[in-house]
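K.L.:
Below are the chains, spelled out letter by letter.
Number of protein chains: 2
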Amino acid sequence: MALVNEHFLKLQSNYLFSDIAKKVNSFKVTHPKQKIIRMGIGDVTQPLAPAVIEAMHKAVDEMASRETFHGYGPEQGYPFLIDTIIKNDYESIGVSLEPSEVFISDGAKSDCGNIGDLLRHDNSIGVTDPVYPVYIDSNVMAGRTGTWENGTWSDVVYIPCTAENKFIPELPSRRVDIIYLCYPNNPTGTTLTKEELKKWVNYALANDAIIMYDSAYEAYIQDPNIPHSIYEIKGAKKVAIEFRSFSKTAGFTGVRCGYTVVPKEVSATTLKGERVFLNKLWLRRQCTKFNGTSYITQRGAEAVYSPEGKEQVRQTINYYMNNARLMKEGLEACGLQVYGGENAPYLWVKTPDGLSSWKFFEKLLYEVYIVSTPGVGFGPSGEGYLRLTAFGDHKDTLEAIQRIQHWMR
Amino acid sequence: MALVNEHFLKLQSNYLFSDIAKKVNSFKVTHPKQKIIRMGIGDVTQPLAPAVIEAMHKAVDEMASRETFHGYGPEQGYPFLIDTIIKNDYESIGVSLEPSEVFISDGAKSDCGNIGDLLRHDNSIGVTDPVYPVYIDSNVMAGRTGTWENGTWSDVVYIPCTAENKFIPELPSRRVDIIYLCYPNNPTGTTLTKEELKKWVNYALANDAIIMYDSAYEAYIQDPNIPHSIYEIKGAKKVAIEFRSFSKTAGFTGVRCGYTVVPKEVSATTLKGERVFLNKLWLRRQCTKFNGTSYITQRGAEAVYSPEGKEQVRQTINYYMNNARLMKEGLEACGLQVYGGENAPYLWVKTPDGLSSWKFFEKLLYEVYIVSTPGVGFGPSGEGYLRLTAFGDHKDTLEAIQRIQHWMR
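Keeping their order, the protein sequence lines are chains Z and P. Read left to right, the first sequence gives residues 1 to 409 (UniProt numbering). Read left to right, the second sequence gives residues 1 to 409 (UniProt numbering).
To be clear, the hints were calculated from the coordinates, so they are not data collected in a lab.
Intra- or inter-copy, both count: the list cannot distinguish identical chains.
Below, a list of computed lysine-lysine pairs in the DSSO-like style, where the Cα atoms sit at most 27 Å apart: (1) K238 with K10; (2) K272 with K10; (3) K264 with K23; (4) K10 with K280; (5) K33 with K395; (6) K58 with K310; (7) K166 with K359; (8) K194 with K264.
If we strip away everything but chain Z, and leave its shape as in the complex, we get (with noise of 0.2 Å):
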């Protein structure tokens, strides 16, 4: 008789951006007519660079004859793309990387979720809250998690984030083995300075932790003093993990492209206290588990680093930050308090009136016909906060600003 793995059981059945797709859609079904602006998944609207075209259209050409077909690749990656990473994502910033220390894949949702395979089922997470619900929903499926009371899992260590401190998490008072960061920080589009970040790297060094480092965003900071990758702080190649990708970086979301980099010394212990890297062990599982990205997808990611790829990839990442600068001004002017949006594509808006995440959610959809993300859907610290991104066409975000300040007059 099979039996279920029965943690699926305890997740909650709807998807948080499901039930939004569910609202939205009965709305439009009832008003056909209103033209509704998105802002609240985070899917990127604008075209792949030229630059990727092109390397994508020839990789398709190769494909087409016997002498230049490629069949299996390496399970981690094509060396060519591996090396431009480390050049251009990393050696730039002073962190030198060897090729076996990174592993392409088909994005960081599968990574951050995967990597988990790698730990027993009893280690304790931690995670800042609100959250990427994939880092919590996943361990939740591997058992770690406790059972869901009151909007919050038994087992896991929210780190409240909200505008009374800043935003800046404060080290766990409860045990962690695992801790999930996410700089610049999805949904709050917030970030850490190094001398923040450093505390953490410090926290998994002393308490033998390690950290799930998520820098999908890192391509969005404008600021020179916020670090790019965990592996700016000293040590972090001993704790942390850290997981970067295509998709926002360069449009990729379709394309499907990411990469996780897990130094050679970073490891966990047995019981018996032996210690093991996890290097090999991720290397085992993706040759067991999984099949290598796309040769097309993967020329088409080294094209983002070649000279008119990093322009033209530069050029949408200024679009989508005129975006947030403007949405953030525009709702500033408003009254309302806006974080985030100056080294991340996401606003965090607090809400008026102490309204609810879900009823300024409603107001907005019904009211001015703009979707948004309820913060509360990111977990408990995020209620009374909303989430919009700046991924939008650009006309599209003036309207909606200004249907917004029309609105709150």
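We have chain Z already, so just place chain P on it with the hints.
P.N.:
Positioned in the frame of chain Z, the structure of chain P alone reads:
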């Protein structure tokens, strides 16, 4: 203190194909002038079908313009591909499926490995022996296999498939909750008739077991009496999950696309005996730990089913199956016993003179410069056999047969 998943440490440090690669590389270093012919790893060599190339170019172009750009797609795949698959691969053989029962992925290997997420760690597993290593290794990682003793895992039921039983697996004598079946079989190249497959479906129905049915090679079936899908067997929708891939069907080993069918009726039970349907759990798993397959790849896969695509893909399969036929005839003419190769791109060759798998592998490598795969690498019942693949270039295949024939005289 982060604790490692110690089940990973039970895995032997090397993977079969890495061991082979090492031996081949050492030989190349010492014999740089010898032309090695590779018939080991099951990778294709022929280019993608022109219809697929055309569709992928078109999809790349769509990504270049804001109006036709595709960002995040549905995690379970685009309806255009799901509907095409159902119509062509299932309705054509009298099997009806709902769109929500088909999940597009980046390949059968990922899904065969990840499907274990849905099931408890203490289900017992059964495999035909020899077997594709991924089924077992992914279960080792999840803690379902016990300990490694004398070449087998203590908690795995191995069901021998050898020349003695005509490669027809007997129903297991010990209870198994999850059974992996792969037909046409990798590595033996043999098939099961509907009657044989029916025994397994009935076993699963009677024992409330789940069959993981890998039909990645179904496109190679020539005999009209061999089932293409397990759902051709009555009752299978209650007990079987089917894995398919475009890798071998259409040369997608470097493009990465497959799909998994999880019928709504397939279920497992809780410890209390409540029945839980796996379709929704797989959707939840994929939505949490996967972000969909590349849009460009999915458009390429769709083109496999166009009239031109079908014809082009059929020609390539004929090319490989012609290799298989010539290999089989050529090797049999040397007095070797050869199985498979009639409805599958794999030939399973009995080693002559009672040689061990590795000994015959080494002889072929060192004396005729041909790379094969030692049968014992696929399990204890593979000892005394070698796997050869028909995916090579036609001329190389002819040369390989001639080399072996000359050497055997």
